[in-house]
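Mind docking chain S on chain A? Use the hints.
Listed below, chain by chain, are the residues.
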Amino acid sequence: MMKTMQNEPAAPALLDRRDERVRHDDSLAGWVRAFWDRIRAGDLGSLPVIVGLAIIWTVFQALNPVFLSSANLVNMLFDCSTVGVISLGIVCILMVGEIDLSVGSVSGFASALVGVFWINQGWPVVLAIFAAMAVGALIGSLYAFLFNRFGMPSFVSTLSGLLAVLGLQLYILGSTGSINLTYGSWLVNFGQIMVMPDPVAYALVAFAGITIFFSSYRTAARRRAAGLSSKSVGGLLLRAVIITVALEAVAFYLNQSRGIPWMFGLFVGLVAAMNYALTRTKWGRSMHAVGGNREAARRSGINVSRIYASAFVMCALLAATGGVLSAARLATASQQAGTGDVNLNAIAAAVIGGTSLFGGRGSAYSALLGIIVIQSIASGLTLLDLSSSLRYMITGAVLAVAVIVDSLARRSRISHGRA
Amino acid sequence: MSDTSHLLDPSRQPVLSLHGISKNFGAVSALTDIELDVHAGEVVALVGDNGAGKSTLVKILAGVHQPSSGTIVFEGKPANLSSPSTALDLGIATVFQDLALCENLDVVANIFLGKELNPFQLDEVAMEIRAWKLLSELSARIPSVREPVASLSGGQRQTVAIARSLLLEPKLIMLDEPTAALGVAQTAEVLDLIERVRERGLGVIMISHNMEDVRAVADRIVVLRLGRNNGTFMPDASNEELVSAITGASNNSVSRRAMRRKGQSRENEEGRP
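Protein chains in written order, with this note's numbering: chain A, 494 to 912; chain S, 6 to 278.
Bound-form chain A, shown alone:
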């Protein structure tokens, strides 16, 4: 499959292949060996979450055949988009090695703001949404100010923020306690009904596959032209085709019932954008550097305070966005919004997906994978008619296991020189 031209002798060594001490795994067998070495060294990536997901789905499907039905999966996608967006913000803040414990409150406050501005004050809905998001960003910049100016640990500042913002939410909702959003408005429809038409879903998946192929093809061509090792075109094509076919199959299955929610499309779009920002921009590189070694980043001329500020603001902004989405999903802005397990689910999703609590490691896709795990557990337990008490206990246990895996993998990475 992944046949390459590096195996042929005679050709002059490529610029990055001149050191004979390094093993280059180009063939399929080599790829498997390299993969196995990486796992053993603790560089787990998204493997634990995929294994975990397979176990969870098998168990719940065995207990209740409705679980993996198309209709239930579509519902799950609706549900996971709201907390997923919040979790994407958590990925940002964990990347620099800090934490935001108030994302639940911020999301609840944002949903309350949408209710108050839009329904009570009669603002246009778009303006109300932007106002709520702006308030979220403002809260984030307050945390950043406390952190950069006073050196207040983010753990403490956001914990007090959790309480203070929850207070604000209760205050603006007043005595009524909840505001119903107008049914039939596009915001509520977006959160409850709107799904992609079948052809649009297939086209979007195909577009994603083509983008994957051409961006990797361009990189490979440039590397080859520059005398660096590169992947073969056949291998890249095969990879793109496998991904596209798999995703088209998923789209086909989901289209058997309602189809792919636009809200989930928005979530995936945000994940893809964040992935690009974290891996392909200077900002993302700086985020990794600050999380890995703050002093080294500072001495390289990176404005560390600004990077921290961007992480705090991004986290709170995405939390507020998630809050708006959950208001749309529930068609209400209530005192309960953002309380309970929202906080923990958002943080757990990022960690379960493979973003390290210790900073400097992670990816935007961990929010997507992690929230699917969390939502699968929640949905499976609901289908089994288990009470929320059991749901909390099980979700808590899963989070504990995820953090243990993270800690063990980190220890192994250090001893294998991959920290």
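Derived by calculation from the structure, the hints in this document are not laboratory data. Fair warning: there could be bad hints in the mix.
Each computed DSS-like pair below joins lysine-lysine, with the alpha-carbon atoms no more than 27 Å apart [said to hold, decoys possible]: (1) A:Lys724 to S:Lys82; (2) S:Lys176 to S:Lys138; (3) A:Lys775 to S:Lys120; (4) S:Lys176 to A:Lys724; (5) S:Lys120 to S:Lys138; (6) S:Lys82 to S:Lys138; (7) S:Lys82 to S:Lys176; (8) S:Lys176 to S:Lys120; (9) A:Lys775 to S:Lys82; (10) A:Lys724 to A:Lys775.
Showing chain S alone in chain A's frame:
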């Protein structure tokens, strides 16, 4: 080892000159009235005991600390090194003792940290090529530039750190204890690196405790003691001269120990019939 005759032309303007630099940490004065000149193509070794203020001086020049008083003149113009990035922009590169690499990033990312090409769509290919070029100019042997720095040895990390400091074509490069943690062969490699950097016409400030390394590459040896200038020596200065400048007067723990040993061996000889 080094030919110093071309350096000592007094008419040439130094790349960097410090006048009356002082630095206080609270009641402690770490540096007092430091004077220092560095010319292009010259290796100045900065030596001194623990607490002599060498690292503080380097941190001031790197923009990590700001001096309490005194002036820094860089290329004939007074400079205000308010942050690490201003020092970098001026052309002062620093390789810190604690290396200051990000272990979670690969070699290319570390070399280009803070000065990535094409900020909104990182040009990984161009950066990788430039990284290989820099490393081969230094005749460095790094197995792969796409491995995390955590997997490299101490000497390889030092090489990466030096390569990174050369990326911006600096005028002056400072090395804080470049050979402290290295083995024999790796030390020789780093000393070779320093000579190659000098041949490129850069001013080099090197801090070291190892007199052998200092004498091997330095064109001038500047001694600090308790935060003050305590003499400038040529590399052919004797060990005793250097040690007494570093430790203070001739009455110090090193000379006392030497005396004691001499006395002991004499006693032993006398004790024997």
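Consistency of the hints with the structure:
1. A:Lys724 to S:Lys82: violated, 51 Å
2. S:Lys176 to S:Lys138: holds, 19 Å
3. A:Lys775 to S:Lys120: holds, 8 Å
4. S:Lys176 to A:Lys724: Distance ~39 Å between Lys176 of chain S and Lys724 of chain A Cα, so the pair is violated.
5. S:Lys120 to S:Lys138: holds, 17 Å
6. S:Lys82 to S:Lys138: Outside the cut-off at roughly 32 Å; violated.
7. S:Lys82 to S:Lys176: holds, 14 Å
8. S:Lys176 to S:Lys120: It holds: about 17 Å lies between the C-alpha atoms, which stays within 27 Å.
9. A:Lys775 to S:Lys82: violated, 32 Å
10. A:Lys724 to A:Lys775: Answer holds: Lys724 of chain A to Lys775 of chain A is near 25 Å, not above 27 Å.
Checked against the numbered hints above, the structure breaks hints 1, 4, 6 and 9 and satisfies the rest.
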